[in-house]
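What follows is the residue order along each chain.
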Amino acid sequence: MTLITYVTRVHFADGVLEEALWSEVEVNRKTRPLIVTDESHLSSELYERLLAGLPVRTSVETVSDVPDIPNENAARHIAEIYDRTDRDLLIAFGRNTAIDLAKISRISIAHQQPLETFSYATGGSRRIGNNLPDLYAVPGIQGFGSAVSAHAPVVLQDGERTRLMCKKLVPTVTICDPTLTLGATPVESASAGADALGRCVEAYLSPGYNPPADGIALDGLGRVIANLHKVLEKDSVTARRELMAASLNGALALQKGLGAIHAIGCALETVVDRRLDPGALSRLLLPSVLQFNAGAAREKFSTLQNLFDPNGEIDPARSVTEFLHNLPLPESLNEMGIGEEELRTAADLAASDLAAVRSPRALSSSSLYSIMKSVHLERTRVA
Amino acid sequence: MSEAISVHHGEFGRAALYKLDKPIITHAHREGHLIFYLGGAEAKVSVSGKWVAADPNTGVAVSPWEQHSFHLKEKNPVEACMCLVLYIKPIWFLENSQSAEFALNFGRSFISMTPDVSNWVKRLTSLLLDGGNDHLFDGYLYRTTLQCFEQSWRHADRTSVLSDSRHRFTDYRVRRSLRLMQESYTEEVEVEWLAREVGLSRPHFFKLFKKQMGITPNLYLNTLRAEQAISDLMTTDKSVTEISYDLGFSSQASFTRFFSSNVGIPPSDYRRVAHVT
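Chains A and B, in that order, are what the protein sequence lines are. Following the numbering used here, the numbering of the first sequence begins with 1 at its first residue and continues without gaps. Following the numbering used here, the numbering of the second sequence begins with 1 at its first residue and continues without gaps.
Simulated from the structure, these hints should not be mistaken for lab results. Honestly, I wouldn't trust all of these hints.
[To be verified] In silico lysine to aspartate or glutamate, EDC-like type, Cα no more than 20 Å apart, as pairs:
1) 238(B) / 269(B)
2) 167(A) / 134(A)
3) 30(A) / 74(B)
4) 211(B) / 88(A)
5) 22(B) / 55(B)
6) 207(B) / 192(B)
7) 44(B) / 79(B)
8) 122(B) / 138(B)
9) 230(A) / 101(B)
10) 211(B) / 74(B)
11) 30(A) / 11(B)
12) 30(A) / 61(A)
13) 30(A) / 68(A)
14) 210(B) / 192(B)
15) 30(A) / 66(B)
16) 210(B) / 88(A)
17) 373(A) / 331(A)
18) 19(B) / 101(B)
19) 30(A) / 79(B)
20) 300(A) / 313(A)
21) 211(B) / 233(A)
22) 234(A) / 101(B)
23) 19(B) / 95(B)
24) 373(A) / 348(A)
25) 50(B) / 74(B)
26) 373(A) / 340(A)
27) 73(B) / 138(B)
[What the hints assert, rightly or not] Just the calculated beta-carbon pair ranges, DEER-fashion:
28) 123(A) / 187(B): 36 to 46 Å
29) 326(A) / 118(B): 55 to 65 Å
30) 207(B) / 85(A): 32 to 42 Å
31) 129(A) / 150(B): 23 to 33 Å
32) 335(A) / 143(B): 39 to 49 Å
33) 322(A) / 98(B): 51 to 61 Å
34) 133(B) / 302(A): 42 to 52 Å
35) 27(A) / 246(B): 15 to 25 Å
36) 230(A) / 57(B): 41 to 51 Å
37) 239(B) / 29(A): 34 to 44 Å
38) 183(B) / 77(A): 24 to 34 Å
39) 199(B) / 64(A): 15 to 25 Å
40) 27(A) / 115(B): 28 to 38 Å
Glycine included, C-beta positions come from ideal geometry on N, C-alpha and C.
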């Protein structure tokens with residue numbers, strides 16, 4: 001079916017954006033959406049398509065002031081516009097940042113309290129009410145990390161970074177249209193593929209008992225392996241569709257839990273105070289994370305080994321390294337502008353992140369530091 | 001004169017019993033379409049330029065946005081064609097399509113009137129004629145459409161459907177023109193102006209739009225006006241004259257002509273017989 005109702009209501013089909021958006025807005029009798037997107041998408045063809053997909057006589061307001069990492073002030077700003085202009089729906093489209101910002105804005109719209117009140121780390125998730133405004137998410141090629149997930153990062157007013165996590169944060173409707181990714185640059189495509197690969201591998205290796213999520217992760221993995229290089233060679237809608245399906249799988253499998261790469265990514269972003277490309281991080285860190293966990297999940301490693309190499313001769317860490325070798329992404333954390341001194345602080349932060357708890361082998365500050373250090377100046381070479 | 005016997009609006013779309021003695025001009029709509037012959041003069045429908053019979057053996061399926069026109073088989077028949085016409089909302093297709101490639105299409109335009117399809121058509125027709133069991137309407141509409149949808153895909157030429165659906169919504173100039181039309185469909189919109197606004201010559205714009213949308217810019221504008229007219233007739237207390245002026249028509253007569261030739265019956269008749277289940 002083109003409508004997938006696992007986790008949330010997901011429309012998935014070529015060219016489905018306009019009709020799915022029109023139908024959902026019309027059926028749910030919404031007339032006054034507030035669109036959240038970043039500045040670069042505002043002048044994009046995607047925005048034209050989005051507007052063309054809204055029923056006639058729809059009153060639209062748009063916010064494009066989207067910070068690199070969602071913060072409380074931006075969420076309050078959106079809540080203020082939402083109330084002042086009497087909106088009845090949020091539509092977030094484009095990148096993870098815009099979708100994450102829309103998610104946390106739902107809480108600011110529904111609640112007066114500071115966002116710290118709802119932080120996952122302090123048990124605040126249960127304080128999130130049932131009166132959040134509806135959110136429709138339309139992810140572009142860089143939007144899948146957020147499009148079906150139940151969490152979002154936020155920088156609080158005091159500058160501290162935390163995570164909001166609650167199934168009520170999952171967008172009400174997600175519209176996945178592979179044609180939106182046609183024409184994406186090789187860097188964007190490579191990043192999306194590496195990100196999907198990392199999510200699928202980490203979700204699969206995560207020790208929780210969740211057979212459906214494991215199946216979704218393995219299916220996604222197969223699709224990335226079969227299609228990432230095809231997409232980079234030729235911009236075909238078939239390969240794009242498969243890669244988007246892989247991204248969706250990776251995002252859905254996250255129901256099982258986040259992993260080391262997510263914990264490191266959040267920590268590094270906090271330390272350098274800017275958004276880092278999750279696909280680039282995944283490409284650099286995944287081989288080392290696999291090496292680190294090799295002994296802790298032997299059976300699953302064997303499955304991964306067969307998936308990457310049907311002869312079952314090459315270990316997954318090496319297969320992943322080779323698979324990601326030629327991608328047009330940074331060669332090291334250093335190239336991403338991360339200094340060596342920042343690794344230590346990030347390692348401490350990541351070790352205290354609940355996402356790291358889901359690692360097959362227990363992660364400590366020093367093991368996280370070693371993983372980052374191994375790709376600080378150049379990518380890991382796996383023998 | 002063509003007349004409507006009954007029109008029901010429901011969750012997934014609407015169904016109408018029409019007696020048609022005049023053609024309905026080429027048009028298109030956002031909804032998918034199923035047309036079944038019930039009695040009287042036999043008819044034929046041109047769907048994207050190909051003829052499909054509407055007779056005791058055959059029903060007609062039209063995908064959303066596919067252009068089509070209705071004609072009687074004989075030029076001056078003694079009686080009108082009585083038919084059941086379904087308009088299926090896009091959400092039905094989105095919830096029932098089994099493909100990520102052709103989400104909004106029937107597999108083919110020809111529906112064989114199998115015992116199953118005939119049975120559901122009879123049930124829906126009885127419901128529309130008798131009234132009183134409105135709670136059954138959505139279920140009947142759903143099941144009838146599902147029977148036809150499944151049948152259309154069992155016999156479909158998938159390559160041809162794929163090549164048609166690939167043309168849609170790819171050029172930013174077409175998208176911009178869609179938005180412009182949505183913003184100004186109640187005014188006099190010249191194709192010349194639209195072409196200029198999106199930076200194309202009139203012939204180039206016309207060709208590109210037709211290739212990608214399957215219909216001409218004028219038909220698209222007509223669709224927007226017809227949709228709004230039906231919505232206003234069903235959901236507001238506005239008089240037909242008020243609706244005419246709100247939609248930019250110079251008189252009620254010209255609006256009635258437009259509505260009759262696009263929907264099949266005059267707007268006042270539509271409002272009189274239609275109700276929401």
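Going through the hints against the structure:
1. For the given pair, residue 238(B) sits about 15 Å from residue 269(B) by alpha-carbon distance, which is consistent with the 20 Å threshold.
2. For a cut-off of 20 Å, the pair hint linking residue 167(A) to residue 134(A) stands: about 13 Å separates their Cα positions.
3. Pair hint residue 30(A) plus residue 74(B) does not hold up; C-alpha atoms about 46 Å apart against a cutoff of 20 Å.
4. With a CA separation close to 36 Å, the supplied pair residue 211(B) and residue 88(A) exceeds the 20 Å bound.
5. For the hint pairing residue 22(B) with residue 55(B), the CA-to-CA distance comes to about 16 Å; that is within 20 Å, so the pair holds.
6. Restraint check for residue 207(B) and residue 192(B): satisfied, since their Cα atoms lie roughly 13 Å apart, inside the 20 Å limit.
7. For the proposed pair residue 44(B) and residue 79(B), the alpha carbon gap of about 15 Å is at most 20 Å, so the pair holds.
8. Restraint check: the Cα-Cα separation between residue 122(B) and residue 138(B) comes to about 15 Å, which is no more than 20 Å; the hinted pair holds.
9. The hinted pair formed by residue 230(A) and residue 101(B) meets the criterion: a straight-line CA distance of about 18 Å does not exceed 20 Å.
10. For the proposed pair residue 211(B) and residue 74(B), the alpha carbon gap of about 32 Å is over 20 Å, so the pair is violated.
11. Between residue 30(A) and residue 11(B), the direct Cα distance comes to roughly 16 Å. Compliance with the 20 Å bound is thereby established for this hinted pair.
12. A C-alpha spacing of about 13 Å is found between residue 30(A) and residue 61(A), which places the hinted pair at or below 20 Å, so the restraint holds.
13. Proximity of residue 30(A) to residue 68(A) is assessed by CA-CA distance (about 29 Å); at most 20 Å being required, the pair is judged violated.
14. Annotation: proposed proximity of residue 210(B) to residue 192(B) holds, straight-line Cα distance about 15 Å (limit 20 Å).
15. A hinted pair counts as satisfied when its Cα atoms are at most 20 Å apart, and residue 30(A) with residue 66(B) does not qualify at roughly 27 Å.
16. Distance restraint check for residue 210(B) and residue 88(A): the Cα-Cα separation of roughly 35 Å exceeds the 20 Å cut-off, and the hinted pair is therefore not satisfied.
17. For the suggested pair residue 373(A) and residue 331(A), the alpha carbons sit about 13 Å apart, so the restraint of at most 20 Å is met.
18. Under the criterion of a C-alpha separation no larger than 20 Å, the hint pairing residue 19(B) with residue 101(B) is inconsistent with the structure, at around 37 Å.
19. For the given pair, residue 30(A) sits about 44 Å from residue 79(B) by alpha-carbon distance, which is inconsistent with the 20 Å threshold.
20. Our distance criterion of 20 Å between C-alpha atoms is met by residue 300(A) and residue 313(A), whose separation comes to about 15 Å.
21. For the proposed pair residue 211(B) and residue 233(A), the alpha carbon gap of about 27 Å is over 20 Å, so the pair is violated.
22. The hinted pair formed by residue 234(A) and residue 101(B) meets the criterion: a straight-line CA distance of about 18 Å does not exceed 20 Å.
23. With a C-alpha separation of about 32 Å, the suggested pairing of residue 19(B) with residue 95(B) is violated against the 20 Å cut-off.
24. Under the criterion of a C-alpha separation no larger than 20 Å, the hint pairing residue 373(A) with residue 348(A) is consistent with the structure, at around 13 Å.
25. Restraint check: the Cα-Cα separation between residue 50(B) and residue 74(B) comes to about 18 Å, which is no more than 20 Å; the hinted pair holds.
26. Annotation: proposed proximity of residue 373(A) to residue 340(A) holds, straight-line Cα distance about 8 Å (limit 20 Å).
27. Note on residue 73(B) and residue 138(B): the hinted pairing is violated, with a Cα-Cα distance of about 32 Å set against a maximum of 20 Å.
28. Checked against the hint of 36 to 46 Å, the pair residue 123(A) and residue 187(B) fails, with Cβ atoms roughly 57 Å apart.
29. The given range of 55 to 65 Å is respected by residue 326(A) and residue 118(B), whose C-beta atoms sit roughly 60 Å from each other.
30. The hinted range of 32 to 42 Å is satisfied by residue 207(B) and residue 85(A), whose Cβ atoms lie roughly 40 Å apart.
31. In this structure the hint that residue 129(A) and residue 150(B) lie 23 to 33 Å apart at CB is violated, the actual value being about 42 Å.
32. Residue 335(A) and residue 143(B) have their C-beta atoms about 60 Å apart, which leaves the hinted 39 to 49 Å range violated.
33. Restraint check, residue 322(A) to residue 98(B): a C-beta distance of roughly 36 Å breaks the suggested window 51 to 61 Å.
34. Roughly 60 Å separates the CB atoms of residue 133(B) and residue 302(A), a value that falls outside the hinted 42 to 52 Å.
35. Range check, residue 27(A) to residue 246(B): Cβ separation about 24 Å, and the 15 to 25 Å hint holds.
36. Checked against the given bound of 41 to 51 Å, the beta carbons of residue 230(A) and residue 57(B), roughly 46 Å apart, stay inside it.
37. Checked against the hint of 34 to 44 Å, the C-beta distance between residue 239(B) and residue 29(A) comes to roughly 24 Å, which is inconsistent with it.
38. Look at residue 183(B) against residue 77(A): about 27 Å separates their beta carbons, and that is inside 24 to 34 Å.
39. Between residue 199(B) and residue 64(A) the beta carbons are some 24 Å apart, a value that agrees with the proposed interval 15 to 25 Å.
40. The supplied range of 28 to 38 Å is met by residue 27(A) and residue 115(B), whose beta-carbon atoms lie about 33 Å from each other.
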